[in-house]
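Asks: Since the structure of chain U is provided, determine the placement of chain D on it from the hints.
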Amino acid sequence: MEAASPPVATAAADYPARFDVEYPERLSRWKIFVKWLLAIPQFIIVYLLQIVGLLMVLVAFFSILFTKRWPLMMFEFMVQIQRWTMNTVAYALTLQRDEYPPFSGEAGEYAVQLEIDNDQNLSRWLIFVKWLLILPHVIVLTFLWIAAEVAVIIAFFAILFTARYPRGLFDFVTGTMRWTIRVYAYGHWLMTDRYPPFSLRG
Amino acid sequence: MAAEAGRATAADRLRAALVWLPAGLAIAAGWAYAATRLWDSSTVPDDLKLPHLDQHAYFSPGFLERSASYERFLRIDFVLATLVLLIVLALYARYGERFTRESAAGRVGTGMLLGMLGFAFVWLSQLPFGIAGLWWERRHHISKQGYLEVVTGSFLGLGRQFIFVCIAIGIVMAFAGVLRQRWWMAAVPVFAALVLLSAFLQPYLTTGLEPLHNKHVAADARAIARKDGVPRVEVKVEKVHKQTTAPNAESIGIGPSRRVILWDTLLDGRFSRGEIRTIVAHEFGHVKRDHVLKGVAWVALALIPITALIAFATRRRGGLYRPEAVPLALFVLIAAQIAILPLQNAVSRHVEQEADWIALQTTRDPRAAQAAFTELGRASLTQPRPPKWSYLLFDTHPTIMQRIELTKAWSQRHGGG
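For the protein sequence lines, the chains are U and D, in the order given. Counting in our numbering, the first sequence runs from 33 upward without gaps. Counting in our numbering, the second sequence runs from 378 upward without gaps.
Bound-form chain D, shown alone:
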């Protein structure tokens, strides 16, 4: 009897595998095709060879030593924070289900409670490392924020995080109520749509943005926008000089909500007009090539294996139909995010290099670009050529030296030095 049951189970599994294998292969093939298309959409020439330049020719030995020491501490801080994060989440995955006893909120409500508690533990475990990083940044005059301001700010930010966690868990558990282990198939498009919506709304929800008053920069920005074919995209200034000395810029939004944002630390006199023009052109490069939209597409692609992995990992706890599975799901989610960090950074560096290339094509001013990248490195105490492991694990942008090398490669290709 038992042998018959065993044979029946094996046959069932085989049947299920025969049904799902082609579907799985089709999804994998579609995924690989979409990822390749996204990666190949870059406009940086494939045959471009970056010359190897000596960083000592651009930065003083004192700066190289100081930036290496500065970043070493932050890397150690990050690695320790990540290890503690994984340990805390592993313990929460093991023991977190006990909190279900504390809830009268039903299946989904209890799942939300467990999700929120998980993130509260994460916040608590990361707090010492955040404070250590802040201490180090203050010591090097990069950050100007007070400890109390950062701690209370991040604690209040936890509320916003809780709302997102509850929405996500609500969606997942609602789908799991109907589709059980296959919830992820329905959840991925919904999450992708939410990410798209949040990317679209971000410029409208970002507070503290001001019009660009600097007439020269505004005129340059208008000229670049026209040249890049995005004349209606506005440039705004974000006041951050009370929090940091580091310069930065970003492009946010999708379609009609697209904006280029310059930190006011970029306009405080440390950067020349030509250097600012390069940075603005870089951001318009992101706009021109729809990098935010492509970022959403990458997120949607990443969601497929991650959610499938969560569904697989939580099946022994009854799947995400049950709130007891939420702590384990959090652990798998965060562990997967850490695991794909090198890939995520590779994608980010790829699009950043494309934006650098477009900036050079637009401004045709490699000297200003080189000066801008050098000054960006100096002002942020960025190590121009970090260790390879650190580059792969942490860097979302090409290294400062790679960016300078790109300006040389551009010059060589266009008949310059």
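Chain U extracted, bound-state conformation:
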């Protein structure tokens, strides 16, 4: 018997964690030299927030174990932390945006979109193995991030000479960030039970 069609109809598009960066038509040629310096305050805040986030994951672990859900307030705060982090990354590290990111993780304030659906019925036992289940993703992402770093270096020179981020490179870097966010949402932040797609696409 031959299979008629692929059995898994779930597409990457309806994954509970969504990420995107709006493509800028033009970027500043000089900002690329100083973005990382300008972002130092952001980095410090994001670093401290990530420590808070880590502690929240620890609390969420037990919350999921006993109640099968993230505490609502904490969930929203965690998404804001990650949104703030990704805003900073898109500005200073992947050079995708020129606007200085807001000192906030509110949605809609920056040209970076990060949304995660709050699942109210998470698995109690998956939380023990999710970090192991993401190993294949981690391996792929290791190589993707090496490629993404090369892409950012190329983009740096492209912006310097043309004031434009090559679209292909931009989409690849955004896709790698999107993939990472999905894997983190599943394996590290324990926010969803749906195994992330092996895909760069949104």
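Don't read these hints as lab results, they were simulated from the structure. Just so it is clear, CB atoms sit at the ideal spot from N, CA and C, and this is done for glycine as well. The hints are all genuine.
Restraint ranges, calculated between C-beta atoms of paired labels, are given here:
no., chain 1, residue 1, chain 2, residue 2, range
1, U, 157, D, 575, 28 to 36 Å
2, U, 65, D, 641, 53 to 61 Å
3, U, 61, D, 572, 53 to 61 Å
4, D, 582, U, 234, 32 to 40 Å
5, U, 193, D, 613, 51 to 59 Å
6, U, 60, D, 562, 51 to 59 Å
7, U, 188, D, 606, 53 to 61 Å
8, D, 613, U, 94, 42 to 50 Å
9, U, 109, D, 521, 45 to 53 Å
Replies: Leaving out everything else, chain D in the frame of chain U:
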């Protein structure tokens, strides 16, 4: 109309059988020829008759009783663990496909997820039996490992297992995407190549190996290596004395990566220089006769029927093109591995006996060999002559008494007692 369709289907099947039957027969004949050649490559004389010796002449009644009791528990533990393993995997084969709903990872990614979850269930189901076995080994002062250390170590080891599972499922499902039910024909050579590569790389990936500092043993090892024609093969020491009291040695690697590894428990003073020489010569026997390489060849041979069986068993679920078939494939794989365990052990005992024979030929010291085998049995609490069923099912080496009997047979053949 239906009758015509039925006739057409029957005719199609007949045509397919006529095409595939000769190919199947050719594969089976080639398989049997290769297996026979591998088996016959042993250097133990065909006409060798082992004398039947009384184990009471070598071991005290107290030891015989203690070793029988020790191994009985471990056998029961193993049998129960195997039964639970099969039940868990059968249930997973039946219900595991439900987990596809939890995945957005596409066909291959979902297959990997199901493979990993299957092994996570296996790990969980085997944990109580592993702990029971550890408790028993600690009680008999064989193992020194702590419970937490073993549990966390095996849990972290699960990650390594997951990586291998994902690679294997990725290969199989990629081939199934192109070849559908005939994926196994392409997968077997790829898996065999991966096994070969992993056997080659194993010595480089094994951590915690140290140089052999014992000058006498090092000198003996160099002499044996020269005599066996493998002078460049190094001997390393693995520090295991914090985990176990059991002595052991092994040979790993292929070609330039070949190494002989001695556990430091072998060098703690319980074994005389002559006894250690026998054990080192045994390991160099493996090296000389390329047993690791032959082991890879046996694995490649075993892969052919096992993968074909998996392809056959999963065809009703759409074959391994579909991730839903992965849980069933795991069940068939593990069940087949358990089923061929007696054959696998027979092959292992065959090569181990050859290594014993080469050790005797090299050292020409049957007394030391006999003492070494006796001490190995004592130190590991091994039952010298286990029940036949246990021997066939569990033993990867000849029994201690068979090994002692081999030293007698060697002596008789070479004009000694």
